[in-house]
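Trainee: Below are the chains, spelled out letter by letter.
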Amino acid sequence: AQTVTQSQPEMSVQEAETVTLSCTYDTSENNYYLFWYKQPPSRQMILVIRQEAYKQQNATENRFSVNFQKAAKSFSLKISDSQLGDTAMYFCAFISNNAGNMLTFGGGTRLMVKP
Amino acid sequence: DSGVTQTPKHLITATGQRVTLRCSPRSGDLSVYWYQQSLDQGLQFLIQYYNGEERAKGNILERFSAQQFPDLHSELNLSSLELGDSALYFCASSQGGTGANVLTFGAGSRLTVL
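Taken in sequence, the protein lines are chains A and B. The first sequence lines up with residues 79 to 193 when you count with this note's numbering. The second sequence lines up with residues 472 to 585 when you count with this note's numbering.
Worth flagging that the hints you see were computed from the coordinates, not collected in a lab. This one's a predicted model, so the numbers in the text were calculated from it and none came from an experiment. Every residue, glycine too, gets a C-beta built ideally from N, C-alpha and C. A portion of the hints provided could be inaccurate.
Unchecked claim - So the derived list for chain B, only partly shown, Cβ under 8 Å to chain A, looks like this:
| # | residue |
| --- | --- |
| 1 | 559 |
| 2 | 574 |
| 3 | 578 |
Could you put together the complete structure from these sequences and hints?
Mentor: Structural data, given as structure tokens:
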């Protein structure tokens, strides 16, 4: 079974600064995908970024980028130029590419962006 | 608007009762997933359907059941409700049924059991 661990329950950052959220996972699979989802106070789950395990290049979406270390099974999220609207719970998630799979979530990191 | 529609948004009921949560996937998506988010258990996968058939099962209680209909909407039935069933229930959909497909989540149905 796959597990996803987020070791930082809460973090804070000043507006306009950079913050990195950590995530580690455990799997014996070789073909899988990793995600970061954002859950703002509205409770909607919003996809932030996606990484295919077979790609060495780190995914980037505007101010959001990841540091994917496959051998270390690490998948951190970097938020640059933090904005007040980035305040949310952030969940790291894993899914293998097999049929009958499920998206497994970490416990989440609560990020507060301070003005 | 994510394109995944969940109803009702909020539901308050009593212990022992039965409720049905409904989900309409995004247009073109064949797979539907149900997740439960509670304070102490985090986000837990319940069940997945693909084009009307059950594809994967997670930590779904025997008191809970789900189905996906020919028009691809899905219903999650929760019976003999207990206080601990109070949670936010998410539906998500994807085009295919494998991990290569990105899940899009609905806004959730908040269930409160008194």
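Trainee: Hint by hint, say whether it matches the structure.
Mentor: Checked hints:
| no. | hint | verdict |
| --- | --- | --- |
| 1 | 559 | 6 Å, holds |
| 2 | 574 | 6 Å, holds |
| 3 | 578 | 5 Å, holds |
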